[in-house]
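Participant: Okay, here's what each chain looks like letter by letter:
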Amino acid sequence: MTSDTANTLQRIPDRLDTPFRNALFSWEMLLVIVALAIFIINSFASPYFLNAWSLSDLTFNFTEKGLIALAMALLIISGEIDLSVAAIIALASTMMGMAVQAGADTPLLVLIGVGVGLLCGAFNGLLVTRLGLPSIVVTIGTMSLFRGIAYIILGDEAYKGYPSSFAFFGQGYVWWVISFELVLFLAAAIVFWFLLHRTSFGRTVYAIGNNPVAAAFSGIRVERVKFILFCLTGLMAGIASVLLTSRLASTRPSIAYGYELEVITMVVLGGVAILGGAGSIPGVVLAAFIMGLVTFGLGLVNVPGIVMSIFTGLLLIVVIALPIIWNRIRHKSA
Amino acid sequence: MLHPPHPAKPVCDASRKGDGAPLLTLSGISKSFPGVRALAGVSLSLYPGEVTALVGENGAGESTLVKILTGIHQPDQGEIRIAGKSVTLPTAHAAFENGITAIHQETVLFDHLTVAENIFLGHAPRTRFGTIDRRAMRANAREVLDTLGAGHIDPDAHLAELGIANKHLVAIARAMSIDARIVIMDEPTAALSTKEIEELFLLIEFLRSEGKAILFISHKFDEIYRIADRYTVFRDGQMVGEGVLADTTQGELVRMMVGREVDQIFPKRQPNIGEPLLTVAALSHPTEFEDISFELREGEILGFYGLVGAGRSELMQAIAGMTRPSRGSISLGGRNIAPKSSADAIRAGIVYVPEERGRQGIIIGLPIFQNVSLPSLARTSRSGLLRTAKEFRLTRTYTGRLDLRAASLSQDVGTLSGGNQQKVVIAKWLATEPRVIILDEPTKGIDIGSKAAVHAFMAELVAEGLSVVMVSSELPEILGMSDRVAVMREGRLVAIRDNDGLDPETLVKLAAGVTA
Numbered sequence: 000m001t002s003d004t005a006n007t008l009q010r011i012p013d014r015l016d017t018p019f020r021n022a023l024f025s026w027e028m029l030l031v032i033v034a035l036a037i038f039i040i041n042s043f044a045s046p047y048f049l050n051a052w053s054l055s056d057l058t059f060n061f062t063e064k065g066l067i068a069l070a071m072a073l074l075i076i077s078g079e080i081d082l083s084v085a086a087i088i089a090l091a092s093t094m095m096g097m098a099v100q101a102g103a104d105t106p107l108l109v110l111i112g113v114g115v116g117l118l119c120g121a122f123n124g125l126l127v128t129r130l131g132l133p134s135i136v137v138t139i140g141t142m143s144l145f146r147g148i149a150y151i152i153l154g155d156e157a158y159k160g161y162p163s164s165f166a167f168f169g170q171g172y173v174w175w176v177i178s179f180e181l182v183l184f185l186a187a188a189i190v191f192w193f194l195l196h197r198t199s200f201g202r203t204v205y206a207i208g209n210n211p212v213a214a215a216f217s218g219i220r221v222e223r224v225k226f227i228l229f230c231l232t233g234l235m236a237g238i239a240s241v242l243l244t245s246r247l248a249s250t251r252p253s254i255a256y257g258y259e260l261e262v263i264t265m266v267v268l269g270g271v272a273i274l275g276g277a278g279s280i281p282g283v284v285l286a287a288f289i290m291g292l293v294t295f296g297l298g299l300v301n302v303p304g305i306v307m308s309i310f311t312g313l314l315l316i317v318v319i320a321l322p323i324i325w326n327r328i329r330h331k332s333a
Numbered sequence: 000m001l002h003p004p005h006p007a008k009p010v011c012d013a014s015r016k017g018d019g020a021p022l023l024t025l026s027g028i029s030k031s032f033p034g035v036r037a038l039a040g041v042s043l044s045l046y047p048g049e050v051t052a053l054v055g056e057n058g059a060g061e062s063t064l065v066k067i068l069t070g071i072h073q074p075d076q077g078e079i080r081i082a083g084k085s086v087t088l089p090t091a092h093a094a095f096e097n098g099i100t101a102i103h104q105e106t107v108l109f110d111h112l113t114v115a116e117n118i119f120l121g122h123a124p125r126t127r128f129g130t131i132d133r134r135a136m137r138a139n140a141r142e143v144l145d146t147l148g149a150g151h152i153d154p155d156a157h158l159a160e161l162g163i164a165n166k167h168l169v170a171i172a173r174a175m176s177i178d179a180r181i182v183i184m185d186e187p188t189a190a191l192s193t194k195e196i197e198e199l200f201l202l203i204e205f206l207r208s209e210g211k212a213i214l215f216i217s218h219k220f221d222e223i224y225r226i227a228d229r230y231t232v233f234r235d236g237q238m239v240g241e242g243v244l245a246d247t248t249q250g251e252l253v254r255m256m257v258g259r260e261v262d263q264i265f266p267k268r269q270p271n272i273g274e275p276l277l278t279v280a281a282l283s284h285p286t287e288f289e290d291i292s293f294e295l296r297e298g299e300i301l302g303f304y305g306l307v308g309a310g311r312s313e314l315m316q317a318i319a320g321m322t323r324p325s326r327g328s329i330s331l332g333g334r335n336i337a338p339k340s341s342a343d344a345i346r347a348g349i350v351y352v353p354e355e356r357g358r359q360g361i362i363i364g365l366p367i368f369q370n371v372s373l374p375s376l377a378r379t380s381r382s383g384l385l386r387t388a389k390e391f392r393l394t395r396t397y398t399g400r401l402d403l404r405a406a407s408l409s410q411d412v413g414t415l416s417g418g419n420q421q422k423v424v425i426a427k428w429l430a431t432e433p434r435v436i437i438l439d440e441p442t443k444g445i446d447i448g449s450k451a452a453v454h455a456f457m458a459e460l461v462a463e464g465l466s467v468v469m470v471s472s473e474l475p476e477i478l479g480m481s482d483r484v485a486v487m488r489e490g491r492l493v494a495i496r497d498n499d500g501l502d503p504e505t506l507v508k509l510a511a512g513v514t515a
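Protein chains in written order, with numbering that gives the first Met the number 0: chain U, 0 to 333; chain V, 0 to 515.
If you are wondering where the hints come from, they were derived from the structure by calculation, not from laboratory data.
Predicted, not measured: the structure shown is a model, and the values here were computed from it.
Please note: incorrect hints may appear among the correct ones.
Stated by the list, open to error - Facing chain V, from chain U, some residues (calculated, C-beta under 8 angstroms):
(1) S45
(2) W175
(3) S199
Claimed, not checked - Non-contacting residues of chain U with respect to chain V, defined by C-beta distances greater than 12 angstroms in every case (computed):
(4) L15
(5) S25
(6) D155
(7) H196
(8) I207
(9) G208
(10) S249
(11) R251
(12) G275
(13) L299
(14) I319
Cβ coordinates follow ideal geometry from the N, Cα and C atoms, glycine included.
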């Protein structure tokens, strides 16, 4: 009759594990170790790696994609996905190019780039939330649509002639080797960390990702939250478009081709569950650094670009498969 | 309050058959999972041509036993004998070969196959060339279905088109077609209406007359007394009693199950009913309900009884802002409210604790405290910023009153038992400090201990002046808890009665539309 003795009122503790212990055995800690390992391998692989300017150049490999990954992380945690982000970059860049031809100056260009991104995100969000279509299908469609428009406008041409003041966003440095892009990425990371982990909006994102029906029953406006997340992702793609266009100082319709997969790889490598419900911003930031370190390292030892895309593909499969395999092993041993 | 045993069953019959040799005997079966001892040396006997009811609180080990009998789990110790021969059941297929078949709460069949394919999956008649003989399969399916009195089911229909009752029929047809000798029914009535349950019982009687040994698992005593010949009681993974049902009263059975007296299940309370609080007037929905009017008073428990599909849940969801009514009005404390979303209803002070705990109630993957604080985030946060200390305090206040059992408040709610999950769900809604709480099947599928906790808590709430609407399909619960009972049938409110000398038969007749 042990069940009867348990009737004495016991105080249930808030937590069992200390935050420190949790951090020690987390996915983020594993990512830190991986990042350090790749850093050390890189420094042995090439004598040019350990140099302030090399390290600064390295950051350009992930800042633009990383900015999108921050918003994409929230979107995937909520159980949705946006495959059209690279196409949004292309469309936003094309619109900025047209504006340049019409004589627009830097402030207007930025506004157009960011605005087009936001509108594209809102368009995705409306299709998903109003029509109730699955986001993977909707954004495969808009991926072709947005980039298709860029191709129709530009064909084989390229827009050049961006004003010199526009170059700062993608080529400027805030202090010594610290680029504007890196500062923007880190600032955005803090904002998104705060949004996801410290606000009630962030909490609703997790709730929706784990159980949208119960979230709706709990008084959460599920569709509105999802719409906001699509807008945020579009907005970040617009900002990335400004940075990338500024860095390249030109627009071709093939700009940012294949970025969506690298962004999603970053998010999943960062520990975000591909089916939604779990993940953290520190994980995504670390994953962005790791992706940058790897691509830069491969570049240093002259690995061709096509091999890098094979690497990205393999990495995506591995990071999606790993948690599943891990669970299976744990269940077997249990 | 429980029903008297069903009088129609011939008593001598059961005792006579019991003298025969059992078809299946389990002895000394033990099974442990990490951290839990699910079964500790249990025994069980099933006799041909008899229905044995397996009774126990949730978590007493019934489901583990079913999994052992169907080859999904292997016992750590013990022996299984079928017709006197010792057997092992290493796989689901081995169980099938030994003539054991199971019909589950929500039948495990294939929605996208036809009825005939489901019946003959794995043992379909073959043509000379070794391909499936579709014509023979269809004809055989027709034949089996007809013997079960299921002439209305088309063998070519896809299973997805059938309701749960007809799916059970197909599952039973499958059991007949493989010539199963042992049929396990794991809470088969959980998703059925009263009429469908009666039809199922006729089928069980048919299977019994065919000499099958039947294991019937249910939490509902009226069903057990209606259909079973013998009983076996499990408590905390141990077999605590078995025998012939006719020799045993419900009270004795419940005592064996829980080790305490029955009449403590429903709390005694002094109703202190005040002014009308919630007024629903001529509320209609395009398809689900029509012209519903009622009043709920302060400190009152209003029970809503009806058959499954009578529109009770749909009505409640409209009142709680989940769906929009087409006509009618809802007012709370004299103020007209028209909730457009559950957020509106929560703000107004009406909350709805949904029926489907797993899908609509809890959020598995989030810790207990985040589940509890979710609808109250506006109060626990300051200008959108989370304050976890406040969330923990809120959670502790409400889960403490419900006597939640958990290791910590940061534990994933998915790791709790069904009863404790339900306590989290109720705590989460109470934390919004509502004036009206609508409980939809608040004790469905939870063990008797947790049921008692939920009932006691309901009594406490109304004593504090909260008003409760309780949707329930369990008559003892309706009669044991309600101050007044509303009965719905086919989307209409057919009666509201004071619960004063109200008898179960009247309610069933109202709900089923029996005029005599």
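Participant: So, for every hint listed, does it hold in this structure?
Facilitator: Quick rundown of the hints versus the structure:
1. With its C-beta approaching chain V no nearer than about 43 angstroms, S45(U) sits outside the 8 angstroms limit, and its interface hint is violated.
2. Because the beta carbon of W175(U) sits about 35 angstroms from the nearest beta carbon in chain V, more than 8 angstroms, this interface hint is broken.
3. Because the smallest distance between the Cβ of S199(U) and any Cβ of chain V comes to about 4 angstroms, under 8 angstroms, the interface hint for this residue holds.
4. Distance check on L15(U): its Cβ comes as close as 4 angstroms (rounded) to a Cβ of chain V, failing to clear the 12 angstroms threshold; non-interface status is violated.
5. Distance check on S25(U): its Cβ is at least 15 angstroms (rounded) from any Cβ of chain V, clearing the 12 angstroms threshold; non-interface status holds.
6. Every CB of chain V lies more than 12 angstroms from the CB of D155(U), the least distance being 49 angstroms, so the non-interface label holds.
7. Non-interface status of H196(U) relative to chain V is broken: a Cβ of that chain comes within 12 angstroms, the nearest being about 8 angstroms off.
8. Distance check on I207(U): its Cβ comes as close as 9 angstroms (rounded) to a Cβ of chain V, failing to clear the 12 angstroms threshold; non-interface status is violated.
9. Listed as a non-interface residue, G208(U) fails to keep its Cβ farther than 12 angstroms from every Cβ of chain V; the least gap is roughly 8 angstroms.
10. The claim that S249(U) lies off the interface holds: its Cβ sits roughly 41 angstroms from the closest Cβ of chain V, which is beyond the 12 angstroms cut-off.
11. For R251(U), the condition that its CB be more than 12 angstroms from all CB atoms of chain V holds, with the nearest at approximately 41 angstroms.
12. With a cut of 12 angstroms on Cβ distances, G275(U) falls inside the contact zone with chain V, its closest approach being about 9 angstroms.
13. For L299(U), the shortest C-beta to C-beta distance to chain V comes to about 41 angstroms, beyond the 12 angstroms cut-off, and the non-interface label holds.
14. Remark: the non-interface label on I319(U) is consistent with the geometry, its nearest Cβ contact in chain V lying 18 angstroms away (cut-off 12 angstroms).
The structure shown violates the earlier hints numbered 1, 2, 4, 7, 8, 9, 12.
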